[in-house]
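Student: The lines below spell out each chain.
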Amino acid sequence: MSIVLVQVIVGGLLLGAVYALFSSGLTLVWGMMNVVNFAHGDFVMLGMYVAYVVYTLFGGGPLFGAPLATLLLATLGVIVYFGLIRDIMKGPMLAQILGTFGLALLLRYSVFWWFGANFLSLPENLVGGTFDILGIRIQASRLLAGVVALLVTLGLHLLLTRSTLGSRMLAVAEDSTAAQLMGIRPDSMQAIAWAIAAGATGLAGALIATFFYVVPTVGETLGIVAFVTVSLGGFGSVPGALIAGLLIGVIESLSGYLIGAIYKDMVVYALFLGFLWFRPQGLMGKT
Amino acid sequence: MRFSKFVALLSVAAISVGLASGALAQQKTVKIGAVFPLTGNAASAGVHAKYAIEVALDIINNAHPELGNLPLAKNAGLAGLGGAKVEVVFADNQGSPATGQNQALRLITEEKVVALTGAYQSGITLTASAISEKYGIPFVNGESVAANLTERGFKWFFRTTPVATDFAKVYYDFLTDMKASGAKTDTIALVHDTTEYGASVANTISTIFKEKGLSIAQDVAYTTNATDVQSQVLQLKDKKPDVVIMISYTSDAILFAKTMQALDYKPPMLLADDAGYSDPSFLKAVGKISQGAFNRSSWSVGAPGSPTALIAKMYKEKSGDEMDDTAARQMQGFFVLIDAIDRAGSTDPAKIQAALKATDLKPDQLMIGFKGVKFDDKGQNILASGLIIQLQDGENYVAVFPKANAEKPPVMPYKGW
Numbered sequence: 001m002s003i004v005l006v007q008v009i010v011g012g013l014l015l016g017a018v019y020a021l022f023s024s025g026l027t028l029v030w031g032m033m034n035v036v037n038f039a040h041g042d043f044v045m046l047g048m049y050v051a052y053v054v055y056t057l058f059g060g061g062p063l064f065g066a067p068l069a070t071l072l073l074a075t076l077g078v079i080v081y082f083g084l085i086r087d088i089m090k091g092p093m094l095a096q097i098l099g100t101f102g103l104a105l106l107l108r109y110s111v112f113w114w115f116g117a118n119f120l121s122l123p124e125n126l127v128g129g130t131f132d133i134l135g136i137r138i139q140a141s142r143l144l145a146g147v148v149a150l151l152v153t154l155g156l157h158l159l160l161t162r163s164t165l166g167s168r169m170l171a172v173a174e175d176s177t178a179a180q181l182m183g184i185r186p187d188s189m190q191a192i193a194w195a196i197a198a199g200a201t202g203l204a205g206a207l208i209a210t211f212f213y214v215v216p217t218v219g220e221t222l223g224i225v226a227f228v229t230v231s232l233g234g235f236g237s238v239p240g241a242l243i244a245g246l247l248i249g250v251i252e253s254l255s256g257y258l259i260g261a262i263y264k265d266m267v268v269y270a271l272f273l274g275f276l277w278f279r280p281q282g283l284m285g286k287t
Numbered sequence: 001m002r003f004s005k006f007v008a009l010l011s012v013a014a015i016s017v018g019l020a021s022g023a024l025a026q027q028k029t030v031k032i033g034a035v036f037p038l039t040g041n042a043a044s045a046g047v048h049a050k051y052a053i054e055v056a057l058d059i060i061n062n063a064h065p066e067l068g069n070l071p072l073a074k075n076a077g078l079a080g081l082g083g084a085k086v087e088v089v090f091a092d093n094q095g096s097p098a099t100g101q102n103q104a105l106r107l108i109t110e111e112k113v114v115a116l117t118g119a120y121q122s123g124i125t126l127t128a129s130a131i132s133e134k135y136g137i138p139f140v141n142g143e144s145v146a147a148n149l150t151e152r153g154f155k156w157f158f159r160t161t162p163v164a165t166d167f168a169k170v171y172y173d174f175l176t177d178m179k180a181s182g183a184k185t186d187t188i189a190l191v192h193d194t195t196e197y198g199a200s201v202a203n204t205i206s207t208i209f210k211e212k213g214l215s216i217a218q219d220v221a222y223t224t225n226a227t228d229v230q231s232q233v234l235q236l237k238d239k240k241p242d243v244v245i246m247i248s249y250t251s252d253a254i255l256f257a258k259t260m261q262a263l264d265y266k267p268p269m270l271l272a273d274d275a276g277y278s279d280p281s282f283l284k285a286v287g288k289i290s291q292g293a294f295n296r297s298s299w300s301v302g303a304p305g306s307p308t309a310l311i312a313k314m315y316k317e318k319s320g321d322e323m324d325d326t327a328a329r330q331m332q333g334f335f336v337l338i339d340a341i342d343r344a345g346s347t348d349p350a351k352i353q354a355a356l357k358a359t360d361l362k363p364d365q366l367m368i369g370f371k372g373v374k375f376d377d378k379g380q381n382i383l384a385s386g387l388i389i390q391l392q393d394g395e396n397y398v399a400v401f402p403k404a405n406a407e408k409p410p411v412m413p414y415k416g417w
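Going line by line, the protein sequences match chains B and Z.
What the first sequence shows, in the working numbering, is residues 1 to 287, in sequence order.
What the second sequence shows, in the working numbering, is residues 1 to 417, in sequence order.
Chain Z with its partners taken away, still in its complex shape:
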């Protein structure tokens, strides 16, 4: 009796081991966690991020030889891991740093993801990446620009996007160039919210401008998700700065555009720092009354038939919207992460970390307009770069600076509506 029970147990164990190993051999998947604002006030950005990652998954998990030198596109799955497929577990940060952190914890401990990406808002990337650092899980961010994210001495955090410091320099060069061609750029106003993103970008711009001898004449700070921005617009109308730099998420950016029109205020030059101004729903809602707005971008659709144009087409089919800079940077960040896992040939976090450190991608291996991807000791991509784009027709942005990449010359002054 005892013996037969023992045999029965043993055979059950043997069968389950056999089943498990069979399952392992069949469904070799690499699980990645992605934390984005899928609900809450930034959900528009988060949902587009999800589309971007899903398009990237299609490219990675299926054969796309038409995409040229883009790593992972040619064959289906990851060659370095015997054709393993990549699976992404999405988590919702609800626009809250605390929730973002909890979700990162859940993805690592419950879902057992091997790496993380996200989390859109700088303030949430800050808290979520602190968890991955603690657990020794690689975190690759493609879109958060607050400078301090890579100043924390983290070993597991990597960022592919250009940061505020890079863009402040581009803005300075652009303003200098515009001044040389006759535009007035003497007084500058910064309009920003008080989130991690808004406050840190405003701070970086004013520090770098000051170093170069350009002072900020007016600083208009506001709390994000404002119910009303009339007083802020009137402050600008009062001081009449030559250049207004807008650092705003979508909800506030839309309200500013509407209020500027209502109060008949047009700055001679409006320069936006991405975020809300790149959100496709901003363009649809108020693009027509924001004509002539300058913005920054690292994304350009490229010539018809080029890999970037093909990716843009896939994205449009998936999301119904044009590819924007934020979604493109997120997608690029995700590609860099998966490329490192592919090269590591393993899902061991330490090996992925080593592969990320060894990343050296050339421009033709990217789907975005960086000079390459190569991380410094802090985990920041030193080859990230961007350009200035302008919303000339109120519908689509065109590249206007630097001249080498310009599709059209910049048009002055700001037209509005």
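Bound conformation, chain B alone:
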């Protein structure tokens, strides 16, 4: 295998890890609460702006920006849950779609109004530049995002499968009335789920900002990939989102390199639809 092809695959894996990272938050709320959060991409965008502000005001890198973005977005997640989601969940599906879509526009254009339409960027060497391993170039910022993606996935998976809190959250997801009878408060469980989901999304945004441009509409660009990643991985499955993200990243890179960039979306979506034909619940979703 030529060195360029290895580079293409490595690039695809790192890209895929990033896709997985910003999809994990979506898979939590979508899979567990059956709420499609159309504002997800804009949560990523907010995380990116937090990282940008932390850098411009204090010169801090993702070491400061990422935890702060996680914290702020987690808070926002709780506010959004109590202020919006709790009520629209009782309404029809359409109310959820329009409600979260409205939230997306509100967030996007608040940032637009405050920061303006300009494209912003963090300095390229904020996270240790680029390594060269046997001719393969690996960007430290993407590697960091990839490693964090793995850790977040592992953490969320353990939380959901090995902890009491996780069991309670899953119980609420499965049957909220029955859970309530067992003494679990669905409201607090779902608020916690929103805090975790939004926090993970903010973290993703802060890390992506180290190698991607920052602009109010960036959530639109990144949002679609998150939806595809989650449905391919299986709703509510955090490891599924990781595998799906990696797969999509590598397929995009390979098809972009071998066939041409304009065809890569076609290849990804054709494979995606073909896969759902055989396995509509996604890679790791439960039937």
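Just to be clear, a hint being listed does not mean it is correct.
[Stated by the list, open to error] Think about it this way: if two alpha-carbon atoms lie no more than 16 Å apart in a straight line, the pair counts; the simulated EDC-like pairs of lysine to aspartate or glutamate are:
{"hint": "1", "chain 1": "Z", "residue 1": "K284", "chain 2": "B", "residue 2": "E124"}
{"hint": "2", "chain 1": "Z", "residue 1": "K403", "chain 2": "Z", "residue 2": "D177"}
{"hint": "3", "chain 1": "Z", "residue 1": "K85", "chain 2": "Z", "residue 2": "D58"}
{"hint": "4", "chain 1": "Z", "residue 1": "K288", "chain 2": "B", "residue 2": "E220"}
{"hint": "5", "chain 1": "Z", "residue 1": "K284", "chain 2": "Z", "residue 2": "D321"}
{"hint": "6", "chain 1": "Z", "residue 1": "K50", "chain 2": "Z", "residue 2": "E322"}
FYI, nobody ran anything at the bench for these hints, they're computed from the structure.
Assemble chain Z onto chain B, guided by the hints.
Tutor: What follows is chain Z alone, placed relative to chain B:
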């Protein structure tokens, strides 16, 4: 009873007619519609376009004798219409051809604008101008370069900017000149998106280069607003073309610059076709890692105190950014439109159209480096021209070609970061 009611009605009617005519005499304004991407992914360009038009409005509606021969600057308002002021209604195309078309329709039918300008993206200028054509309203475009815009046999569409065909020739001359001075320019790669702009400019360049015996070795097309361009950069790294011509909007241009650095790829020569590479936010975001990039432009600040320098200063005060080529071309297009309305002495669309056809502006009447403004039968400015600029220090472009207009000699190879 009946009679008194009649009298009352009559007097109300008389008063309202009197009020209306009084209002007409007082607020004689000329309403122009401007369609730009004020939100969406090209909002950065659209917002700067809005600043450019607002600076032009200041120049038109207030007395600016310091701006020399620039038409409309000397006195306040339009002399041809008894000092009438110009008002611009801005509309947001949201980066979508369908929205741009709807907004053009709204401006014409609801806002009753007498002429239109815009719409930045060639693909949206295409749809928006189709509406103005249908309603017989003049549309003056100052910035969209896709060739087909003036190939549709439209009677109401006028374009002041040089188009892809003009620039392809400038690029060819520039590459020939660079080759003569020792640079390698044998293999050329075109990198472009698949929008109306990207596809048509790439097509024009490869057609004109082929006519002149220069073939395109590599064509790298991608979908705009890409999430990742690593594979495209690796394709270039693989083939090692001597010259890479970038035809990209801002978002993709920034991503390419970042990815090229990450993958340690520097083409010997990088020549950009305006758009993203002229966006001030591109320069701020990645100018420092794009040093040595060539670009095209029709704008030059000029000597301190010159009319262009004064306009650049007004623009900077308004927007906080340096004047760039795109904003300057938009402003020039708007001036040409208002100048025609002034000469027409009327807001009647047919009279404005006739005045646009009769436009014959000389270089000293322009704020941009064209040889003049004069439209052919298709509505294209035949005196539009441009030059090649280079981002030598990573902050500001300097003119490097043709030699007559050069501020500095071109520097090779592409430095990057």
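Student: Indicate, hint by hint, whether the structure satisfies it.
Tutor: Outcome of the hint check:
1. K284(Z) - E124(B): holds, 13 Å
2. K403(Z) - D177(Z): holds, 10 Å
3. K85(Z) - D58(Z): holds, 10 Å
4. K288(Z) - E220(B): violated, 27 Å
5. K284(Z) - D321(Z): Between K284(Z) and D321(Z) the Cα gap is close to 10 Å, so the pair holds against 16 Å.
6. K50(Z) - E322(Z): holds, 14 Å
Hint 4 from the list above is the single one not met by this structure.
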